[in-house]
Amino acid sequence: PQSVAVAEEISSASITLLRNKTDRLPLRSRSTIHLIVITDGLSMQAGTELLAMLRNNNHGVTVSRLWNESTQREIENARRSSRASDNVIVGAFLSVGSWKGRLGFAKLVLDFIDEIARSSVPVFLVAFGDPYILGKLPTTDVVLATYDGSLLGERSAAKALLGLQSITGTLPVTIPGKYRRGEGIQAKAAFRKN
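Numbered continuously in my numbering, the sequence shown closes out at residue 201.
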């Protein structure tokens, strides 16, 4: 239990808010959310803790799972669900692995993310794992980095999105062309002004 408590503290402290356009955070209670879980390989586990926590906090949530071999039909279903929601959360799950070779998402998936980032629905982008993916994705209304694609990382991200914890992290690396090392917007729980 002591180790778990330390891990939770570290995970919470690492959450980094890089953009919060027009103070979109925290998510408004009872708003509808379309959660789009994007992975480089097929995964039914990624996003489960985030989904559960959003639903437990009185949000109507639908979910789409996209990966590098998603079809045009799967993309169209995600597009339709996104348009029907008050908010879209894109969870980008990408982690380094020696067997993976080049990291990234397929062009069809990237084009879809570009499209929804330009839509009128607010988009919240959360990078789970490798923060460098933020350099390849469009800038959205809200941008968060967790550096961790585990259930613990998802839990910390959900708390940040819901305003249940303060956000104090700063970026430990530079994302070329987007964010500098040390950047991070500080926000108190419930996101009252500092």
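Calculated from the structure, these hints are not laboratory results.
Hints may be right or wrong, so weigh each one.
[As the list claims (entries may be wrong)] Here are the simulated distance ranges between beta carbons: (1) L115 to L171: 20 to 26 Å; (2) E16 to Q79: 42 to 48 Å; (3) G184 to A113: 17 to 23 Å; (4) D121 to A197: 21 to 27 Å.
The beta carbon of each residue, even a glycine, is placed where N, CA and C say it ideally should be.
Here is what the structure says about each hint:
1. L115 to L171: 20 to 26 Å: violated (35 Å)
2. E16 to Q79: 42 to 48 Å: holds (43 Å)
3. G184 to A113: 17 to 23 Å: The hint (17 to 23 Å, Cβ to Cβ) holds, given that G184 and A113 are roughly 21 Å apart.
4. D121 to A197: 21 to 27 Å: This hint is violated: roughly 32 Å between Cβ atoms.
Violated hints for the displayed structure, listed by number in ascending order: 1, 4.
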